[in-house]
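*Asks:* Dock chain H against chain L, hints included.
Chains as they are written, first to last, in our numbering: chain L, 1117 to 1620; chain H, 99 to 434.
Worth double-checking, as some hints may not be accurate.
[Unchecked claim] Derived, one-sided and incomplete: chain H residues facing chain L with beta-carbon distance under 7 Å:
| id | residue |
| --- | --- |
| 1 | Met301 |
| 2 | Thr302 |
| 3 | Gly322 |
[As the list claims (entries may be wrong)] List of simulated lysine-lysine pairs, DSBU-like, C-alpha gap at most 30 Å:
| id | chain 1 | residue 1 | chain 2 | residue 2 |
| --- | --- | --- | --- | --- |
| 4 | L | Lys1482 | H | Lys326 |
| 5 | L | Lys1514 | H | Lys326 |
| 6 | H | Lys104 | L | Lys1439 |
| 7 | H | Lys398 | L | Lys1514 |
Hints are computed from structural coordinates only; laboratory data are not their basis. Even glycine gets a Cβ: it sits at the ideal position worked out from N, Cα and C.
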Amino acid sequence: MAEYKLELKGICKSFPGVKALDNVELHLRPGSVHALMGENGAGKSTLMKCLFGLYHMDAGEIYLDGEKIEIENPDQAMKKYGIAMVHQELQPVLARSVAENFFIGRYPVKKYGPIKIIDHKTMNSECKKWLNEIGLDFDPKEMLGNLSVGQMQSVEIAKAVSMNAKVVIFDEPTSSLSDNEVETLFRMMNDLRDKGVSMVYISHKMDEIKRIADDITVMRDGTYIGTWKAEELTTDEIIAKMVGRELTNIYPERSNTPGEVVMEVKDYTSIHKKSFKNASFNLKKGEILGFGGLVGAQRTELMEAIFGIRNIVSGEVYINGKKVKIKNPKEAMDAGIGLITEDRRGNGIFGCLSVKDNVGVSIYNKNLKYGFILNHKKINEIVTSSIEKLSIKTPSMKQHIANLSGGNQQKVIVSRWLATDPEVLIMDEPTRGIDVGAKHEIYEIMNQLAAEGKAIIMVSSEMPELIGMSDRIYVMCDGKITGEISDKNEMTQENIMKYATMFN
Amino acid sequence: MEKTNKKKVIDFLINNGVIIVMLILVIYTGFTSKNFLTWNNFSNILMNMSPRLIIALGIAGCVITAGCDLSAGRMIGFAACIAGTLLQKVDYSGKFYPNLKPLFPNAPVVDVLLVLALVMLITAAFGAITGSFIAFLNVPPFIATLAMMEIVYGLALIYTNATPLGGYLDSYTKVSTARFLGISPLIWIAIIVAAITWFIFNMTRHGKYMYAIGGNPQAAEVAGVPVKKTLVLIYMKAAAMYGLAGFMLGAKAGGASVNLGLGYEMEAIAACTIGGVSVTGGRGKVSSAIIGVAVFELLKAALQFLGMNAYSQYIAIGIVIFIAISLDIRKYVAKK
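Same shape as in the complex, but just chain L (with noise of 0.2 Å):
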């Protein structure tokens, strides 16, 4: 028997502007669970998404039992490999039964001469028999909606032993989870770990890493930083091997100083039990304000909120020490405030219209004639102006917005807010998917408003670009803002990460 279950050697995988992979390795132990590590954006996922034949590796080679093997799809990873994988977001057919999800594209027969009739008695039984064999007891003729996320996942787990797979994948299996649920798929993995079964494990937790894995892996901008056993690291020790990197001056220098609070928030709580709660926080005029955090610590959920798109169960705004009511976002509009999300296709740009509408959208009600006609000389001059000042790359303003790099099209959603004259910008994750050099002209436009005397808050997952860039950080996990930091000395990436994963 090969010494390892799993190899994976020089996967190299390219996105277009990105690298995300380079030269990365995982070596899987049978029967052992093995904790893959690294901040946001360190190519845990996309390394698992090679390995199940979700993208196609630019260069790599996969060992299986120490053969050479080729991954085409999902479906012929698990199927004729044995790997499965339980996704960070499941995607299963929530509006049918648990057996019909069990069964989902391998359903069992009945043959009528050329006549196929699904079995739904031998569907029902044997997916019973599978609930039962990982200790789970509910009906399979449930439907998969009615269930909590984590039986979702143990319905997912229940699968993969079904179809016998040797290989398991957990992609931040417990982001979601309640502690009753962590434990039952803790108990579910280490009975898998004693059937021999080996484990894939991503998780920002530091104390589960401590419990459940006996192998780690550290990645770190898309490369093989290295493996060790658990018990060989701390948990001090695993941070800083996952942030140790240097920081590179791709920040432009600063001029600005902040001045009084001009932005309060207090005791926001969402609707949502799981989203943020209790957030108070104040922001200075001239002010960049970094938002630090782990991907889902609900930070996006907070700016939202505080812009009126999200609802709150209390909580109240600030402005230059006058409370305001923002129910929407025209009222956060008319309080100053603007926002640049953090998701640019999803609620960004308008793909289909021209530069022009793109950037026009929010000031189309303050530039008319007679009321209702739309001044379209006044909008034109103020589009290329901005256009101008913003250095946007477009060949004219008719231009459709679909048709610029990302990074331009961030610039024309920066130039829309400022066409508001807000006194707070929030930007939302602003140079996520835009390359190196956009990157930095983002910075120099942030800087520039800054020393202007707008505040402005910026979210980040990227903690080089929160140190490199804020007077003042924030951090936030699981919903609350768990530190702040002010002092340039403190500003570390272990600092952040302490905050980022204060996990209770």
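*Replies:* This is chain H only, laid out in the frame that chain L set:
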């Protein structure tokens, strides 16, 4: 170089395929049937186009926001019936309201205009209801307008008791038969409505908001666009236009029944898409609706002149929709 030019020509031909085929058909029909390319026939086609263009312009607003409006046809029928019952000759034997007398006997035009305003107000009110369900209660437009379609048809049946209407006042039928600068008022109305719609689409906030909502409703909300209000207004405006179209169709036919306008909404949606209004939202112009409606009416007229069986014409129209939309979608898919 030669190759790219060739490719450009092919692209041009495919992108404008339907219009080109249409022109060829028109020219062919013109050569084979001597009465086709005459002013009289052309005027007829324009008069047929007029109410349909207004319906298409109304529906275009809905389609641009990635919606649709199935209630258009029934609204048209109801509108035509209301107008018909109120604008019958005093001495007509089968009068719906036997004792109804013109309000302004000396200025019959005023009566006609008042009835038109009333009809448009009524349909606009129904449109506002549909729009409110879509905007505030998130009912999908397909379902909301389907529901309104049933309700309006029911109301029309109750109101008229399914009686066909006729014996209209001359002042009403003149909306179709009169000539101003050589062309029928029907055509003038369509021209004016098209101009107003162009103005709304391009020169007002409302128009820009409509495109924004169609392009990306989430982004529109974040950008401070009053999404709900705009949606209600779009369905209300569209319904008022159906009211106008119903009024015009009644005048043109010189009579009406509850079944007037049946299926016109489908034709209008098809016309919009043929002209380039994208059903996925965000794209479409006034010219799209004009082109689409023109293609439809020219096709119908040409096929009729070529002596095609009236039943077979449906099949031809279906085939044209299939081909036209496939070609249109190709423009956007190929870009990915």
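*Asks:* Please go over all the hints and tell whether each is borne out by the structure.
*Replies:* Each hint tested on the structure:
1. Met301: Holds. Min distance 5 Å.
2. Thr302: holds (6 Å)
3. Gly322: This hint holds: Gly322/H lies near chain L, its Cβ roughly 5 Å from the closest one there, short of 7 Å.
4. Lys1482/L / Lys326/H: At roughly 20 Å apart (the allowed maximum being 30 Å), Lys326/H and Lys1482/L satisfy the hint.
5. Lys1514/L / Lys326/H: holds (27 Å)
6. Lys104/H / Lys1439/L: Distance of about 65 Å is beyond 30 Å: violated.
7. Lys398/H / Lys1514/L: With a Cα-Cα distance of about 37 Å, the restraint between Lys398/H and Lys1514/L is violated, given a limit of 30 Å.
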